Amino acid sequence: MTIEWYIVLSSLLFAIGAMGILLRRSPIVILLCLELMLNAGNLALVAFSRMVGNQQGQVFAIVVMVVAACEVVVGLGLIVAIFRRRLPLNVDELRELRG
Amino acid sequence: MEAALFFLAAIGALGGAIGVVAMRNPFYGVLALIVHLFSLAVLFLLLSSAFVAAAQVVVYAGAVMVLYVFVVAYVGGGTESAWDPIPGQRFLAPLLGLALFVELSIAVLASSLLALGSDGPEVGPGFGDPAAIGKLFLEKFLIPFEASSMLLMLAAVGAIVLASRRTR
Chain A
1 MTIEWYIVLS SLLFAIGAMG ILLRRSPIVI LLCLELMLNA GNLALVAFSR MVGNQQGQVF
61 AIVVMVVAAC EVVVGLGLIV AIFRRRLPLN VDELRELRG
Chain B
100 MEAALFFLAA IGALGGAIGV VAMRNPFYGV LALIVHLFSL AVLFLLLSSA FVAAAQVVVY
160 AGAVMVLYVF VVAYVGGGTE SAWDPIPGQR FLAPLLGLAL FVELSIAVLA SSLLALGSDG
220 PEVGPGFGDP AAIGKLFLEK FLIPFEASSM LLMLAAVGAI VLASRRTR
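Protein chains in written order, with this note's numbering: chain A, 1 to 99; chain B, 100 to 267.
Among the clues, some could well be false.
Here are some, though not all, of the chain B residues that point toward chain A, as calculated from beta-carbon distances under 7 Å [to be verified]:
(1) VAL158
(2) GLY161
(3) LEU203
(4) ASP218
(5) GLY219
(6) ALA254
(7) GLY257
Covered stretches of chain B, as calculated for chain A (at least 3 residues, CB under 8 Å) [stated by the list, open to error]:
(8) 129-137
(9) 222-228
(10) 231-239
Rather than coming from a laboratory, the hints here were simulated on the basis of the structure.
Bear in mind the structure is a predicted one, so any value in this text is a computation, not a measurement.
Backbone N, C-alpha and C fix where the C-beta goes; we use that ideal spot for every residue, glycine too.
Using the sequences plus the hints, can you model the full thing?
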């Protein structure tokens with residue numbers, strides 16, 4: 001398969017993830033959609049690294065994985081903290097910071 | 100063979116992604132994301148990057164997804180309100196997603212990267228194996244490597260502080 005296919009698939013996955021973030025209201029699902037977008041970026045990085053024949057893109061993909069793992073840990077910690085304080089798990093009702 | 104594998108993995112990845120967005124119950128969303136991640140690992144293998152594929156399966160499908168499953172089981176789904184805070188959001192969001200895809204496609208088409216239409220250059224069997232990636236990490240990318248280890252520790256401490264039982 002040519003590299004183009006991978007890039008098209010990656011942009012499709014990225015668009016689906018962005019759509020999910022716009023569409024869904026539960027913070028857990030929003031985090032899942034963020035994972036989708038980060039993984040689409042990873043796929044593009046690895047595909048471009050294969051296209052150039054250089055492994056540095058794969059190093060970037062692994063760093064993105066590390067950042068995604070950190071983001072998940074902090075995000076899930078926030079969700080657990082919200083749940084403990086008996087607040088609604090819905091991004092439309094958690095709007096105190098909106099001003 | 101390679102094309103068949105690519106299309107199978109692509110269908111898995113797309114189906115998983117759509118499942119994450121469409122599933123009402125977040126638990127099924129997590130399961131759909133696991134399907135998506137395994138398909139992506141197959142795609143990484145097809146792109147001859149074995150170490151990234153292994154890290155994908157171990158880190159994501161192994162560790163991160165277990166964390167998600169625990170939190171979803173603990174929190175129990177959350178509530179999706181029936182009302183739209185922005186009128187017509189349910190129709191606008193797919194439109195914006197489509198617009199994003201079109202925009203990305205235009206960007207790729209206009210990039211005039213000639214190698215996009217090729218299979219990429221011939222690479223030896225050592226391409227993307229742990230030894231090569233580790234050598235890059237410890238020689239050329241030492242500072243990002245150390246910074247990511249620092250970031251992991253900060254995230255662990257932050258999660259403990261956020262989710263601790265102590266009440267303020």
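Can you verify the interface hint for VAL158/B: is its Cβ closer than 7 Å to any Cβ in chain A? Interface hint status for VAL158/B: holds (6 Å vs cutoff 7 Å).
A closest beta-carbon separation below 7 Å is what the hint needs, so does GLY257/B meet it against chain A? 5 Å, holds
Holds or violated: is there a CB of chain A closer than 7 Å to the CB of LEU203/B? Hint holds; LEU203/B Cβ to chain A Cβ min 4 Å, cut 7 Å.
Does ASP218/B meet its interface restraint, that is, does its C-beta lie within less than 7 Å of any C-beta in chain A? Since chain A brings a Cβ to about 6 Å from ASP218/B, closer than 7 Å, the hint holds.
Count the residues of the region 222-228 of chain B whose Cβ falls closer than 8 Å to any Cβ of chain A, and tell me whether that reaches three. holds (count 3)
With a cut-off of 8 Å between beta carbons, are at least three residues of the region 129-137 of chain B near chain A? Coverage by chain A holds for the region 129-137 of chain B (4 residues, Cβ < 8 Å).
Cut-off 7 Å, beta-carbon criterion: hint that GLY161/B touches chain A: Cβ of GLY161/B sits 11 Å from chain A, so the hint is violated.
Please check whether ALA254/B passes as an interface residue: C-beta within 7 Å of a C-beta belonging to chain A. Since the shortest Cβ distance to chain A is 4 Å, the answer is holds.
Just to be careful: measuring from the Cβ of GLY219/B to every Cβ in chain A, is the smallest value less than 7 Å? 5 Å, holds
Just to make sure I understand the rule, a stretch counts as covered if three or more of its residues have a C-beta closer than 8 Å to a C-beta of the chain. Does the region 231-239 of chain B meet that for chain A? holds (count 5)
Figure legend: structure checked against the earlier numbered hints; the only hint not met is number 2.
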